[in-house]
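Work out the full structure: start from the sequences and follow the hints.
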Amino acid sequence: MRQPQFIRSTTFRWALAVAGVLAIFVIVLFGFIYWKTDSYLIERSDRMIARQLHYVAALPSVRQLDAIAQHLEQDSRSVQYAGLFGPDGRKITGNLEKFPSDLKMNDSVQSVSVLRTLPAGPQTRVIRAIAQRVSDGNALVIGREVDETREISHVVGQALALGLLPAFCLCLLAGAWLSMRARMRVEEVNQRVQRIIAGNLRERLPHRNVDEPFSKLAAIVNGMLDEMETMIHALAGVGNDIAHDLRTPLTRARLTLERGRTNATSLEQLQTVVDKAIANLDQSLSIITALLRLAEIENSRRSAAFGSVPLHEMLREVSDIYEPIAENKNVDLRIEIAHPLTVLGDRDLLFEAVANLVDNAVKFAPEGGKVDIELIRGDDNTIVRVTDSGSGITEQEREVVLRRFYRSEKMRSTPGVGLGLNLVAAIVKLHGFRLVIHSGPGGRMEIICPDPRPSRVAPATKT
Amino acid sequence: MIDLLPREFRLLEYMMQRSDQLLTRAMLLEEVWNYKFIPATNLVDVHMGRLRHKVDGPGEAPMIHNVRGSGFILRTGP
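Residue numbers (numbering that gives the first Met the number 0), protein chains in the order written: chain D, 0 to 462; chain R, 0 to 77.
No wet-lab data here; the hints were simulated from the structure. The structure displayed is predicted, hence computed values, not measured ones. Treat each hint with caution, since some may be false.
Stated by the list, open to error - Calculated cross-link-like contacts (lysine to any residue; reagent style SDA-like; alpha-carbon spacing at most 25 angstroms):
id	chain 1	residue 1	chain 2	residue 2
1	D	Lys275	R	Ala25
2	D	Lys428	R	Asn33
3	D	Lys328	R	Val45
4	D	Lys328	R	Val31
5	D	Lys275	R	Phe8
6	D	Lys328	R	Gly48
7	R	Lys53	D	Ser110
8	D	Lys328	R	Asn41
9	D	Lys328	R	Thr75
10	D	Lys275	R	Lys53
11	D	Lys275	R	Arg67
12	D	Lys328	R	Leu21
13	R	Lys53	D	Asp331
14	D	Lys275	R	His64
15	D	Lys428	R	Thr23
16	D	Lys328	R	Ala60
17	D	Lys275	D	Ile324
18	D	Lys275	R	Leu21
19	D	Lys275	R	Asn65
20	D	Lys275	R	Ile63
21	D	Lys328	R	Asn65
22	R	Lys53	D	Ser318
23	D	Lys328	R	His52
24	D	Lys97	D	Ser110
Here is the structure:
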């Protein structure tokens, strides 16, 4: 049963609320108009009565009777009242039988009730009247029926109220329609999403290029799907890379062993063959180990082991390790530490990250070149900078260089697995630091460690 | 009297504590230098080369041996 569903929908409820507010507002507005109209009509009528009174009162007494008679004659709708009474209250002329009891003399126009005799019988009417004492001590009364003006107001009010009901219904209808439309759009989106989940990554949410919230949302989700698609393809690509890079040394090992088995004649030859095979197996193992390490880091299982890491000491250790290797290439490895600086992190991981950067720097530096390791302070951060005098990374390579297994073409010949920078990036990300790779002549890599914010909670203890 | 740098000394100390045992490159990297990630560069070889140069002087029987494909071993006896 669809009906209760759409009544319960938020859009419909909103429409109902708006319709309700509209109705209340319209009623108040109409009430105001009614009241204003009423007041105006009465006021106008009062002014006419008063004017009439003053006109008649100003006449000489002999003319007064005629004036009253004429006034009543001209009253086609029988709404006018007039009367002239003697000092004793006796009626002289007019259509009022007696002087209205509650009518104040020489005052403003008031509401009084009078008795009127009609063909249908005597009736009490409420009229607006004004009285004045004239010459000879007579009392002059001029009045007018108020019901007439009331009728006009009534008609106005009715007409307006009749407009309110259709407006209210229209509002509800609009609400219902909007609610159904929203529902349909959501259903449409749901269908698409189901297809995307089922595996069709290429699907996108439909959206007209209209500036409405739903379309904007669809555009945002589409952007997200684009990103996801890229990532998934990248992962798939990496999967291929991993398989390939794992397989190559294993294939070599197998070939070597196979050939050795057939061709080796002496124990020594066989030992050589076995050595080669082991070397290749080691390479595969190292790839697997590195991947597992990466996975471990990315799963942040190590974030519990954060402590205070004295960077100055760590950098000295790194430079210690790589000094012999740099020397072999005649590369000048220098370390520059401005002040002893400490950051919060995992000592082993940070060591690996920096060692990787230095390893790369030494590899890329030409014979006789130089590599600099610096520890400096920036504005509220600490920077570890590794520069080398090699050719550096080009603008295009900067993006790709962080991918797993990416190896610059220049380095294809050197041993290595291409996981270095990816590892560094993962470690840096785990610590909440930033890795900046500069392009252009000369390699320059920076790990930027922002200072912890003062309100930082103490790190979790080792589990 | 041999002049050793601190890192070389650490390496020698480690090997002497485990004399006559086969020490793989991975072990050395991890335990002497806390370097758990297996790098591609021949770090250990280079350091070992230096050490051997200083420790195994010419004319003496070499103490540090390279076990092909596996690692290194420090032999105290003949």
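Evaluation of the provided hints:
no., hint, in the structure
1, D:Lys275 with R:Ala25, "holds (18 angstroms)"
2, D:Lys428 with R:Asn33, "holds (21 angstroms)"
3, D:Lys328 with R:Val45, "holds (11 angstroms)"
4, D:Lys328 with R:Val31, "holds (23 angstroms)"
5, D:Lys275 with R:Phe8, "violated (31 angstroms)"
6, D:Lys328 with R:Gly48, "holds (15 angstroms)"
7, R:Lys53 with D:Ser110, "violated (129 angstroms)"
8, D:Lys328 with R:Asn41, "holds (13 angstroms)"
9, D:Lys328 with R:Thr75, "violated (33 angstroms)"
10, D:Lys275 with R:Lys53, "violated (29 angstroms)"
11, D:Lys275 with R:Arg67, "holds (10 angstroms)"
12, D:Lys328 with R:Leu21, "violated (29 angstroms)"
13, R:Lys53 with D:Asp331, "holds (22 angstroms)"
14, D:Lys275 with R:His64, "holds (19 angstroms)"
15, D:Lys428 with R:Thr23, "violated (32 angstroms)"
16, D:Lys328 with R:Ala60, "violated (29 angstroms)"
17, D:Lys275 with D:Ile324, "holds (24 angstroms)"
18, D:Lys275 with R:Leu21, "holds (19 angstroms)"
19, D:Lys275 with R:Asn65, "holds (15 angstroms)"
20, D:Lys275 with R:Ile63, "holds (22 angstroms)"
21, D:Lys328 with R:Asn65, "holds (23 angstroms)"
22, R:Lys53 with D:Ser318, "holds (20 angstroms)"
23, D:Lys328 with R:His52, "holds (18 angstroms)"
24, D:Lys97 with D:Ser110, "holds (16 angstroms)"
When the structure is compared with the earlier hints, violations turn up for hints 5, 7, 9, 10, 12, 15, 16 and for no others.
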